[in-house]
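Based on the provided sequences and hints, a complete structural model is requested.
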Amino acid sequence: GIQVEQSPPDLILQEGANSTLRCNFSDSVNNLQWFHQNPWGQLINLFYIPSGTKQNGRLSATTVATERYSLLYISSSQTTDSGVYFCAVTIFTGFQKLVFGTGTRLLVSP
Amino acid sequence: KAGVTQTPRYLIKTRGQQVTLSCSPISGHRSVSWYQQTPGQGLQFLFEYFSETQRNKGNFPGRFSGRQFSNSRSEMNVSTLELGDSALYLCASSLEGGVLDNEQFFGPGTRLTVL
Numbered sequence: 001g002i003q004v005e006q007s008p009p010d011l012i013l014q015e016g017a018n019s020t021l022r023c024n025f026s027d028s029v030n031n032l033q034w035f036h037q038n039p040w041g042q043l044i045n046l047f048y049i050p051s052g053t054k055q056n057g058r059l060s061a062t063t064v065a066t067e068r069y070s071l072l073y074i075s076s077s078q079t080t081d082s083g084v085y086f087c088a089v090t091i092f093t094g095f096q097k098l099v100f101g102t103g104t105r106l107l108v109s110p
Numbered sequence: 111k112a113g114v115t116q117t118p119r120y121l122i123k124t125r126g127q128q129v130t131l132s133c134s135p136i137s138g139h140r141s142v143s144w145y146q147q148t149p150g151q152g153l154q155f156l157f158e159y160f161s162e163t164q165r166n167k168g169n170f171p172g173r174f175s176g177r178q179f180s181n182s183r184s185e186m187n188v189s190t191l192e193l194g195d196s197a198l199y200l201c202a203s204s205l206e207g208g209v210l211d212n213e214q215f216f217g218p219g220t221r222l223t224v225l
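Same order as they appear, the protein sequences are chains A and B.
For what it's worth, the working numbering labels the leading residue of the first sequence as 1, then goes sequentially.
For what it's worth, the working numbering labels the leading residue of the second sequence as 111, then goes sequentially.
The hints are simulated quantities; they were obtained by calculation from the structure and are not laboratory data.
It is possible that some hints are incorrect.
To be verified - Pulled a few chain A residues facing chain B out of the computed Cβ check, cut under 10 Å:
#1 S28
#2 N31
#3 Q37
#4 L43
#5 I44
#6 Y48
#7 F86
#8 T90
#9 K97
#10 G101
#11 G103
#12 L107
Stated by the list, open to error - Not close to chain B: a few residues of chain A, all C-beta gaps over 12 Å, as computed:
#13 E67
#14 T79
#15 A88
Being a predicted model, the structure only gives us computed values, none of them experimental.
Using N, Cα and C, we set each Cβ at its ideal position, and we do this for glycine too.
If you want it as structure tokens, here you go:
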């Protein structure tokens, strides 16, 4: 099956720093989403980005589907950015299914 | 528009018991998927329902089952609970569940502990 790898697995930042999270996938996908999982377990949609670049405040994402990767940029990080970031790709084989990446655990310290 | 809701939020059961979890999708969404999250295995797909039909199932034993009602609400049942079933169970809804629109929105999850 498809493999979805994220890097780095863990990241510690000082408040105000910038970071780039990467998601590599091993096969063609229909779509890709980025999520932030908060300490209570809620997965919050960040981006729905099958291709191209999107920006939302301090966050932006770029997906290059032909090269099978996506990047999530966090600028001027804040302590509230802490949590786990997942990318998830959508594959469709008669039905849709999300396959999640391994996650990047981010800790932003004051 | 209200988001995806899941009940109960927390549940403690003992081995051998069964449990039923509930998920109400976003209004108008017809597809509901279930996922299990554990520290060891990460997030894994359980099954998806669309128009009251299970369209496919992940690699979980038959103790895991589900159903969907005509109002798109879904329930997941786990029978003969094992310690390894302790997990966060998440459901997600999407508008149609097909190729053209498959952005999925997640509920807050049900945290199940099996003692």
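Verification of the hints:
no., hint, verdict
1, S28, "violated (13 Å)"
2, N31, "holds (6 Å)"
3, Q37, "holds (9 Å)"
4, L43, "holds (4 Å)"
5, I44, "holds (8 Å)"
6, Y48, "holds (4 Å)"
7, F86, "holds (7 Å)"
8, T90, "holds (5 Å)"
9, K97, "holds (5 Å)"
10, G101, "holds (8 Å)"
11, G103, "holds (7 Å)"
12, L107, "violated (17 Å)"
13, E67, "holds (22 Å)"
14, T79, "holds (22 Å)"
15, A88, "violated (8 Å)"
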